[in-house]
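Trainee: So you can see what is in the structure, the chains are spelled out below.
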Amino acid sequence: MAKNMTINLRIWRQKGPEVPGKLVDYTVSNASEHMSFLELLDVLNEQLIASGGDPVEFDSDCREGICGSCGVMVAGIAHGPQQLTAVCQLHMRSFKDGDTITVEPFRARAFPIIRDLVVDRSAFDRIITAHGYVSVKTGSAPDANAIPISKDAAEEAMDFAACIGCGACVAACPNGSASLFTAAKIAHLALLPQGQVEASRRVVAMVDQMEAEGFGDCSNYAECEAVCPKGISVAGIASMRRAYMKGVFSK
Amino acid sequence: MSRPDVTLMSALMSPVGRKVLTGVTGIGLVVFVIVHMIGNLSYLLPDPQAYNAYAHKLMSWGWLLYTMEIGLALCFLLHAIVGISIQVRRRKARPTGYKAYKSAGSPSRSGYSARSMILTGIILLGFLILHLNSFKFGPGEAEGYTAILQSGEEVRDLRRLMTEKFQEPLYAFGYPVVMILLGMHMRHGVWSALQSLGMMSRRLSPYLYTFAAVLGALVAIGFLVVPLYIYFSA
Ligand code: HEM
Ligand code: FES
Numbered sequence: 000m001a002k003n004m005t006i007n008l009r010i011w012r013q014k015g016p017e018v019p020g021k022l023v024d025y026t027v028s029n030a031s032e033h034m035s036f037l038e039l040l041d042v043l044n045e046q047l048i049a050s051g052g053d054p055v056e057f058d059s060d061c062r063e064g065i066c067g068s069c070g071v072m073v074a075g076i077a078h079g080p081q082q083l084t085a086v087c088q089l090h091m092r093s094f095k096d097g098d099t100i101t102v103e104p105f106r107a108r109a110f111p112i113i114r115d116l117v118v119d120r121s122a123f124d125r126i127i128t129a130h131g132y133v134s135v136k137t138g139s140a141p142d143a144n145a146i147p148i149s150k151d152a153a154e155e156a157m158d159f160a161a162c163i164g165c166g167a168c169v170a171a172c173p174n175g176s177a178s179l180f181t182a183a184k185i186a187h188l189a190l191l192p193q194g195q196v197e198a199s200r201r202v203v204a205m206v207d208q209m210e211a212e213g214f215g216d217c218s219n220y221a222e223c224e225a226v227c228p229k230g231i232s233v234a235g236i237a238s239m240r241r242a243y244m245k246g247v248f249s250k
Numbered sequence: 000m001s002r003p004d005v006t007l008m009s010a011l012m013s014p015v016g017r018k019v020l021t022g023v024t025g026i027g028l029v030v031f032v033i034v035h036m037i038g039n040l041s042y043l044l045p046d047p048q049a050y051n052a053y054a055h056k057l058m059s060w061g062w063l064l065y066t067m068e069i070g071l072a073l074c075f076l077l078h079a080i081v082g083i084s085i086q087v088r089r090r091k092a093r094p095t096g097y098k099a100y101k102s103a104g105s106p107s108r109s110g111y112s113a114r115s116m117i118l119t120g121i122i123l124l125g126f127l128i129l130h131l132n133s134f135k136f137g138p139g140e141a142e143g144y145t146a147i148l149q150s151g152e153e154v155r156d157l158r159r160l161m162t163e164k165f166q167e168p169l170y171a172f173g174y175p176v177v178m179i180l181l182g183m184h185m186r187h188g189v190w191s192a193l194q195s196l197g198m199m200s201r202r203l204s205p206y207l208y209t210f211a212a213v214l215g216a217l218v219a220i221g222f223l224v225v226p227l228y229i230y231f232s233a
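Those protein sequence lines, which keep their order, are chains A and B. Per numbering that gives the first Met the number 0, the first sequence starts with residue 0, numbered consecutively. Per numbering that gives the first Met the number 0, the second sequence starts with residue 0, numbered consecutively.
Hints are computed from structural coordinates only; laboratory data are not their basis.
Simulated pairs of lysine to aspartate or glutamate, EDC-like, Cα-Cα distance not exceeding 16 Å:
1. B:Lys-98 x A:Asp-24
2. B:Lys-91 x A:Glu-210
3. A:Lys-245 x A:Glu-197
4. A:Lys-21 x A:Glu-56
5. A:Lys-136 x A:Glu-197
6. B:Lys-135 x B:Glu-163
7. A:Lys-2 x A:Glu-32
8. A:Lys-245 x B:Asp-4
9. A:Lys-21 x A:Asp-53
Construct the complete structure from the given sequences, taking the supplied hints into account.
Mentor: Printed below as a string of structure tokens:
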């Protein structure tokens with residue numbers, strides 16, 4: 000039998016980008032320990048709609064930790080207290096009956112609030128557009144294994160490629176830096192021969208865009224790695240810095 | 000498509016360049032601090048003139064010493080300016096703070112030392128000014144602080160100045176407190192600088208993080224034993 004829980008929530012409510020917001024208290028008395036945190040918000044919203052109130056806006060899509068749509072601060076931590084999961088994979092069994100949980104949007108100047116817990120993360124898209132890709136000519140697909148890649152390089156590149164672009168790294172960073180997000184893509188492509196061709200223009204263009212979006216500097220707190228649902232290592236940031244220093248002195 | 004244009008200046012002003020600057024200047028300061036700490040320990044040698052002889056030797060380097068001093072002053076200045084500007088930018092990057100915020104714990108490196116970098120840094124800057132005023136620009140041979148080395152040379156008696164200063168409780172206990180703050184600054188700083196300069200990998204990180212803690216602790220202890228020794232042996 001699933002245990003029934005009563006959860007008190009203090010949720011950031013804000014009607015639009017320019018209007019002031021505030022924390023509002025709610026209670027959900029019929030929560031189940033098997034619910035995900037987003038399902039708890041769904042139950043709260045049913046409750047709010049039934050009583051004629053405005054539901055709490057939040058982003059989600061896959062609800063299995065792969066799309067990167069979801070993301071809120073739960074009890075002061077991006078994606079909540081459980082590590083290596085997105086908030087859609089955080090279950091209420093991580094909390095105690097009667098807990099009071101504060102829920103806030105990811106905050107950064109570069110992530111303006113749209114409404115309640117929904118923020119605009121298109122700054123990330125613009126960083127990727129700057130050069131977070133490999134240019135390829137159209138035509139038939141190249142032979143598999145035409146370019147040999149060692150197992151270690153492939154594995155490490157895959158670890159960096161696991162980034163789902165949720166923005167938790169920015170949200171958790173005391174400086175509001177987007178270094179881990181930007182570095183994950185740079186480190187991923189730097190490990191592969193296909194990525195090395197455009198390595199210097201990629202790193203310079205992406206770092207320039209990161210700056211233009213108004214993200215903060217990295218003080219090497221590594222708080223980003225601790226909240227990353229994919230556990231992306233700050234070693235990627237060191238790799239981005241190496242690539243940048245190399246990039247500046249080559250074409 | 001080619002690389003966007005970068006000049007050396009624009010590269011140094013970029014988010015990566017700013018970290019390279021704090022890192023390089025920080026490591027310069029770490030090297031200085033270690034040499035200074037080892038030099039101070041010569042106070043404890045059995046030869047009572049060892050400290051004065053060491054100081055005199057440095058002074059005799061002439062223009063080489065001045066060049067090093069200018070380099071050091073530039074390191075301090077650049078380091079402080081970039082460090083403070085990083086903290087100013089952090090407010091701009093998140094104008095509205097969180098009502099509830101806490102660290103998610105390991106592998107986060109954001110402990111006390113990391114979070115207090117700006118505080119320990121500014122205290123170190125204030126301390127530096129007072130410290131130069133007490134010692135470097137303190138009383139010298141003109142004020143009668145003269146010692147005679149075994150070679151017969153007359154030199155500035157820095158040992159006497161130190162001995163006198165550290166008999167005052169404010170100096171004897173104030174210095175060790177600041178040195179502990181220096182150790183904390185290095186605890187995060189040494190790890191951070193290596194990460195800033197791209198010398199870190201997943202495998203190395205835990206070792207270098209521990210190395211930073213050991214180095215910070217050694218420097219703090221190396222510095223604070225001399226004032227405490229002077230105070231308690233007087
Ligand atoms: C003049 C006074 C000082 C100030 C105002 C200062 C300030 C700072 C600040 C704010 C940071 C953090 C930068 C960031 O957030 O990324 C920092 C980093 C650092 N500091 Fe200092 N500091 C001072 C003196 C020193 C001294 C004496 C040392 C040497 C023992 C030192 C070594 C370092 C190192 C190694 C780093 C890491 C650099 C990096 O993150 O790349 N600092 N300092
Ligand atoms: S909803 Fe897709 S990652 Fe959470």
